[in-house]
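Q: Listed below are the residues making up each chain.
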Amino acid sequence: MSEATTKEFSVIGKSVPKIDARDKVTGRAKYTGDLKVTGMLIGKILRSPHAHARILSIDTSKAEQLPGVEAVITAKDVPATFYGISPARYDETILAIEKVLQVGDKVAAVAAVDEETAVKALGLIDVEYEVLPAVLDPLRAMDEDQPQIHPQYERNISVEIHQDFGDVEMAFQQSHLVRTDRFQGNRATHVPMEPHAAISKWENGKLTIWSSTQSPHYFQYHIARVFGLKMGDVRVIKPTVGGGFGGKLEPSAAEYVSAALAMKTGRPVKIVFDRKEVFFHNRGRHAQHIELTTGVTKEGKILGVHGKYIIDGGSYTSLGIASAYYAGAMLPLIYEFDHFKFDCFRVHTNLPSCAAQRGHGAPQPRFAFESQLDMIAKELGMDPIEIRKVNARRPNTMTLNDLKVNSCEFMACLEKAREISGWVGKKGKLPPGQGIGIGCGGFITGAGYPIYRTRLPHAAAIVKVSEQGDIATLYIGAVDIGQGSDTILAQMAAEAIGINYEDMRIVSADTETTPHDFGAYASRQTLMSGHAVKQAGEEVRRQIIELAAELLEASVADLDIDRRVIFVKGSPEKMLPFETVANEFFIRKGPLMGKGSYTPPKLGGKFKGAAVGTSPAYSFAAQISQVEVDEETGQVMVTNVWDVHDCGTVINPNLLHAQVEGALFMGMGEAMYEQVVFDDKGRPLNANLGEYRVPTALDVPQVISELVDSYEPAGPWGVKEVGEGATLPTMGSYANAIYDAIGVRLYDLPLTPEKVWRAIHERKKPS
Amino acid sequence: MIIPEFEYVSPQSVQEACALLVQYGDSARVLAGGSDLLVKMKDGLMKPAYLVSLKNLDSLKAIRYETGTGVIIGARATHNEVMNNRLLQEKYRSVCEAAHSMAADQIRNIGTVGGNLVNAVPSADLPPILIALDARARIVGSSGERTIALEDFFLGPGKTVLEKGEILAAIIIPDQPTTGSNYIKFGLRRAGALAVAGVASSVTVSDGTCRDVRVVLGAVAPTPMRARQAENVLRGKKISRELIDETGRIAAAESKPISDIRGSIEYRRNLVNVLTRRSLKAAIEKGHI
Amino acid sequence: MGTAIKKGKLHVVTLTVNGEEHAVLVKANTTLLDLLREEFDYTGTKKGCELGDCGACTVLMDDRPVNSCLVLAVEADGHSFTTIEGVEQGGKLDRLQEEFINQAAVQCGYCSPGMILSGKALLMRNPHPTEREVREAIGGNLCRCTGYVRIVKAILAAAEANS
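Chains as they are written, first to last, in numbering that gives the first Met the number 0: chain A, 0 to 766; chain B, 0 to 288; chain C, 0 to 162.
Keep in mind that a hint or two might mislead.
Straight line, CA to CA, 25 Å or less: simulated PhoX-like cross-link-like pairs of lysine-lysine [to be verified]: (1) A/Lys275 - A/Lys35; (2) A/Lys463 - A/Lys588; (3) B/Lys255 - A/Lys754; (4) A/Lys263 - A/Lys98; (5) A/Lys75 - A/Lys98; (6) A/Lys29 - C/Lys91; (7) C/Lys8 - B/Lys39; (8) B/Lys46 - C/Lys26; (9) A/Lys377 - A/Lys415; (10) B/Lys46 - A/Lys275; (11) B/Lys46 - A/Lys61; (12) A/Lys754 - A/Lys307; (13) B/Lys46 - C/Lys8; (14) B/Lys285 - B/Lys90; (15) A/Lys119 - C/Lys26; (16) A/Lys680 - B/Lys39; (17) C/Lys8 - A/Lys119; (18) A/Lys415 - A/Lys388; (19) A/Lys275 - B/Lys39; (20) B/Lys90 - B/Lys60; (21) A/Lys119 - B/Lys39; (22) A/Lys61 - C/Lys8; (23) B/Lys60 - B/Lys163; (24) A/Lys764 - A/Lys377; (25) B/Lys46 - A/Lys119; (26) C/Lys152 - A/Lys13; (27) A/Lys377 - A/Lys754; (28) B/Lys39 - C/Lys26; (29) A/Lys35 - C/Lys26.
For the record, the hints were derived by calculation from the structure and aren't laboratory data. If you're wondering where the values come from, they're calculated on a predicted model, not measured in any experiment.
Model the full structure from these sequences, guided by the hints.
A: Given below as structure tokens:
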């Protein structure tokens with residue numbers, strides 16, 4: 000059926016150990032905060048205690064006099080250039096210039112000989128504020144009586160989107176059933192275990208930054224721009240990174256402020272955020288307020304969908320424009336329908352900025368959609384899986400918003416999920432208080448367009464074989480933040496060249512030594528960086544075979560390489576070891592290298608915002624959850640989750656399933672536990688890991704992750720997405736399982752025990 | 000994060016510790032495990048000039064039985080030492096389970112019984128079960144020693160009856176006629192979560208009749224509180240499901256919860272109702288397990 | 000067994016880390032975490048939250064896991080500690096470390112040192128734990144990447160190898 004099932008691979012498709020695992024289990028792996036650079040100072044940032052305030056004066060004189068303090072800076076000491084990561088919406092500065100826009104906004108900074116001195120110095124800076132009324136409720140942010148946060152965004156509207164495909168009103172008129180429901184999402188946040196961290200060194204007019212980053216390229220681009228340097232004079236190096244999940248895609252104050260302090264002092268400066276600062280910086284999930292209307296035929300066929308959103312963007316734009324577009328763009332992906340209207344306002348509030356988190360803008364709309372689809376099925380008397388099958392996307396189709404889908408085994412995912420979960424024996428048949436529910440999802444395999452306009456390829460790779468021919472090194476800009484890209488790209492390189500995984504070395508994510516790559520976001524690297532690696536590896540393979548043909552006096556077409564042996568097909572006794580040929584190559588011609596790059600084809604339609612959601616390939620997933628509800632307390636225990644993913648060819652099964660498990664774990668936290676909450680002054684009440692409750696090992700269900708056979712023609716060897724797709728179905732599947740268990744429907748995330756209890760309580764009240 | 004500077008002293012005897020506390024007055028805090036105190040100091044909520052460490056006072060660490068007195072738990076015993084103590088496991092497993100319900104392994108190896116009580120956090124897990132078991136607090140000061148009912152120890156959030164120069168030395172669980180006890184905590188996560196509500200109970204049951212009962216509520220009042228009206232519903236009566244349901248309702252009514260990020264007043268009252276019933280049933284049916 | 004001796008604002012602390020005895024001068028407000036990372040360069044002990052909520056800084060104190068962010072260095076006096084750097088013996092990985100690799104229990108790796116030490120402490124006191132006991136033992140170690148699935152498997156696999 001597919002190349003994946005007919006061709007035997009030597010290196011890919013195997014659960015080789017992670018290339019960095021040994022360093023990580025022994026404590027040798029060095030994260031940014033672990034690094035010590037000679038002469039290094041520690042930087043600390045003074046942050047605003049107010050959600051919205053004018054800075055009247057800052058007196059740094061006492062702080063400057065503290066022994067051990069090397070520099071104290073305010074906005075007047077640093078470039079006033081506005082930055083951001085959404086083009087045309089640059090609205091943030093290194094340090095607040097006139098106003099602070101959130102609690103935790105950046106006001107001043109200190110570099111000192113150690114952390115304690117730096118912290119003491121912060122306490123000696125006197126800031127006089129004029130406290131302004133703050134915008135704290137996104138639903139009121141556009142009201143006339145609300146203060147305007149940014150001068151350029153009237154009525155606090157960050158972006159307003161109106162997309163209209165087909166004729167949704169006509170579709171509703173033709174529908175047998177039209178439902179409108181309102182859903183509310185939560186402010187979840189990434190919580191990478193490693194906080195944001197950077198060390199900046201300014202030497203000979205060159206800035207070097209070691210950073211906990213998801214994208215050295217975007218960091219280099221923006222940091223160079225803000226400081227007026229050429230990109231070649233900014234080097235961004237990624238040490239080991241302790242997770243990102245979207246929160247480390249753009250430079251933070253850790254980079255900008257440490258760089259400014261390094262320039263001022265002439266000494267390297269390290270800034271590591273404490274956990275509260277990670278919450279201040281945020282860039283986590285937008286809380287989305289969604290009104291969703293869907294019309295269906297009596298057979299359950301979806302005719303039209305209208306989504307109306309107000310989403311809370313927080314203080315700065317960050318990547319929020321894309322988040323807002325994604326909230327609509329991903330809705331038509333997994334089910335086929337022709338009429339769709341999407342209206343969305345992203346508004347500013349004086350709360351921490353929201354941006355991309357695993358699944359980007361898509362998980363909360365998916366929660367709404369999957370919940371409503373179950374309500375519709377209930378009204379129609381249909382099985383929830385059946386209604387999904389009626390609407391499931393088929394391969395080689397185009398969505399109404401011009402997203403081109405090649406491979407799509409969504410139907411197979413639904414079937415397999417039904418089978419392995421024992422759905423038929425459980426749905427509607429479990430004892431009271433127990434239930435089962437389904438939710439589905441699908442996601443891009445890399446964005447079709449980079450975040451800023453450029454014609455650069457999306458990924459590039461260089462492979463260099465050693466002079467002795469014993470090892471090969473892959474130089475790649477792709478960014479391993481824990482997901483394992485270094486490992487699977489090394490596997491791909493070995494496969495393409497014809498050597499073993501153990502022969503591979505990798506140098507990655509350093510803007511000076513590795514070729515350009517946009518980085519770890521949008522589930523892009525396996526496909527995009529993978530293409531570049533495959534091309535580079537195959538270029539090495541071709542050169543080796545050409546020389547081997549000469550040495551073996553055979554024709555190029557007759558030769559093959561497998562695990563370091565170059566042989567004549569059909570006459571395996573005519574062979575040469577890889578190292579012999581590679582060594583001979585170096586002697587005759589110099590370095591044996593291969594290079595590759597990847598640019599996706601031109602994708603997408605012509606309407607405003609058409610670029611968002613485009614991708615060379617899409618993944619699909621069905622997830623079924625089983626729950627037990629304590630009706631007296633509202634406590635929900637999820638006992639089992641079955642995830643079936645359509646992710647194309649698998650490069651490393653262990654790492655792939657680990658991605659599914661991690662992605663649905665993040666969905667689970669958002670579904671049931673996690674929400675940043677604020678007091679009436681905009682101060683976060685739970686900016687710590689005790690009260691912002693990431694689930695523990697005791698809270699998680701048994702997880703079964705399975706795959707369906709799938710091959711994606713747009714991907715190298717047939718690969719596509721896995722890292723984010725499994726976050727999308729979880730919230731809906733939980734809500735649907737809770738409904739199945741106790742007959743109450745929850746519309747607000749997270750689905751906390753108190754909300755479940757209240758819903759039960761409301762139902763019991765005589766109406 | 001930085002702990003603000005302070006002077007560290009580690010006295011060699013309880014008397015010396017008390018003398019230092021008298022000397023330093025309000026500028027000193029006792030350092031037992033530190034799992035609560037150091038967090039507050041890092042957060043800038045507390046800036047003591049002196050920390051008087053109990054590190055060297057091994058006499059405060061033991062858990063033992065004294066005939067005629069009962070089980071004595073040294074204030075420096077850690078939560079894990081309580082949880083794993085054989086004597087407690089045999090006599091009052093409910094105390095071990097309350098210790099087990101706290102935080103996580105790492106904190107339970109640091110945090111102490113004394114710290115848990117003296118911090119007087121309304122959601123603390125040990126006070127309800129200890130009060131349900133009629134525990135006493137042995138308090139040592141520079142001018143001598145006194146023993147009071149633990150029930151009377153708490154005055155409000157962060158406030159206890161400890162006077163200047165006094166140290167909580169031990170908790171005593173007296174020998175008692177009770178036939179069963181239990182603590183149920185409701186947290187929003189199975190580890191590392193504070194109680195939204197916690198209910199402890201102890202019962203003395205014979206011939207199907209409740210001879211005596213204590214119901215103690217946590218996290219639903221400024222201090223751990225006895226649900227005396229609820230106790231009165233059950234005390235001296237033949238035990239029935241209806242009566243236990245009634246006890247739960249009354250306990251909920253007399254609790255004094257507040258709304259915060261962990262739960263609303265109404266929800267906490269509901270939890271008190273549910274947990275009181277469940278705790279009583281367990282205490283009646285399972286003894287001290 | 001040294002008693003902390005005050006010397007100006009510094010205290011002499013004698014402690015054993017990974018089998019090596021050290022006598023160091025520390026400030027009273029220095030945490031064990033900072034002592035390990037800054038003084039001894041045992042940076043495998045991670046800073047995740049600094050408030051005892053995440054377990055990334057877990058070390059073994061007399062074979063019991065503690066959050067090193069909540070132990071004062073001065074209070075470490077007289078105790079013996081194991082950090083992640085002390086788990087590998089003579090260049091040979093502990094079985095638990097091997098299983099973390101085999102089972103793909105490591106993603107970003109930031110929680111791994113603490114996880115392994117919590118798992119190690121469990122297996123020392125209970126060589127054949129149930130799955131529930133494993134989950135209990137790592138209940139204070141947050142992981143954001145794995146959903147704990149493979150971490151639990153790895154600890155159980157290492158326990159299996161004990162028999």
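Q: Each of the hints needs a verdict: does it hold here or not?
A: How the hints compare with the structure:
Between A/Lys275 and A/Lys35 the alpha-carbon distance is near 23 Å, which keeps this suggested pair within the 25 Å criterion. Distance hint between A/Lys463 and A/Lys588 is fulfilled; the C-alpha atoms sit about 13 Å from each other, no more than 25 Å. Restraint check: the Cα-Cα separation between B/Lys255 and A/Lys754 comes to about 21 Å, which is no more than 25 Å; the hinted pair holds. Taking the CA atoms of A/Lys263 and A/Lys98, the gap is near 24 Å; set against the 25 Å cutoff, the hint holds.
For the proposed pair A/Lys75 and A/Lys98, the alpha carbon gap of about 13 Å is at most 25 Å, so the pair holds. For the hint linking A/Lys29 to C/Lys91, the alpha-carbon distance of about 20 Å falls within 25 Å, and the restraint holds. With a C-alpha separation of about 22 Å, the suggested pair C/Lys8 and B/Lys39 falls inside the 25 Å cut-off, and the hint holds. A distance of roughly 16 Å separates the Cα atoms of B/Lys46 and C/Lys26; the hinted pair therefore holds under the 25 Å criterion.
A hinted pair counts as satisfied when its Cα atoms are at most 25 Å apart, and A/Lys377 with A/Lys415 qualifies at roughly 22 Å. This hinted pair checks out: B/Lys46 and A/Lys275 have alpha carbons roughly 20 Å apart, not beyond 25 Å. Annotation: proposed proximity of B/Lys46 to A/Lys61 holds, straight-line Cα distance about 21 Å (limit 25 Å). About 24 Å separates the Cα atoms of A/Lys754 and A/Lys307, which keeps this hinted pair within 25 Å; it holds.
At most 25 Å may separate the alpha-carbon atoms for a hinted pair to count; B/Lys46 and C/Lys8 meet this at roughly 17 Å. The straight-line distance between the Cα atoms of B/Lys285 and B/Lys90 is roughly 13 Å, inside the 25 Å bound, and the hint therefore holds. Simply put, A/Lys119 and C/Lys26 have alpha-carbon atoms about 16 Å apart, close enough for the 25 Å limit, and the pair holds. Distance check on the hinted pair: A/Lys680 and B/Lys39 sit about 22 Å apart at the alpha-carbon level, within 25 Å; holds.
A distance of roughly 17 Å separates the Cα atoms of C/Lys8 and A/Lys119; the hinted pair therefore holds under the 25 Å criterion. A threshold of 25 Å between alpha carbons decides the hint, and for A/Lys415 with A/Lys388 the separation of about 12 Å falls inside it, so the pair holds. Pair hint A/Lys275 plus B/Lys39 holds up; C-alpha atoms about 14 Å apart against a cutoff of 25 Å. Of the pairs offered as hints, the one joining B/Lys90 and B/Lys60 holds, with about 19 Å between alpha carbons and a cut-off of 25 Å not exceeded.
Between A/Lys119 and B/Lys39 the alpha-carbon distance is near 17 Å, which keeps this suggested pair within the 25 Å criterion. For the suggested pair A/Lys61 and C/Lys8, the alpha carbons sit about 24 Å apart, so the restraint of at most 25 Å is met. Distance restraint check for B/Lys60 and B/Lys163: the Cα-Cα separation of roughly 22 Å lies within the 25 Å cut-off, and the hinted pair is therefore satisfied. Distance hint between A/Lys764 and A/Lys377 is fulfilled; the C-alpha atoms sit about 22 Å from each other, no more than 25 Å.
Of the pairs offered as hints, the one joining B/Lys46 and A/Lys119 holds, with about 13 Å between alpha carbons and a cut-off of 25 Å not exceeded. For the suggested pair C/Lys152 and A/Lys13, the alpha carbons sit about 19 Å apart, so the restraint of at most 25 Å is met. Taken as a hint, the A/Lys377 and A/Lys754 pair is honoured in the structure, with Cα atoms around 22 Å apart against an allowance of 25 Å. The straight-line distance between the Cα atoms of B/Lys39 and C/Lys26 is roughly 19 Å, inside the 25 Å bound, and the hint therefore holds.
A threshold of 25 Å between alpha carbons decides the hint, and for A/Lys35 with C/Lys26 the separation of about 21 Å falls inside it, so the pair holds.
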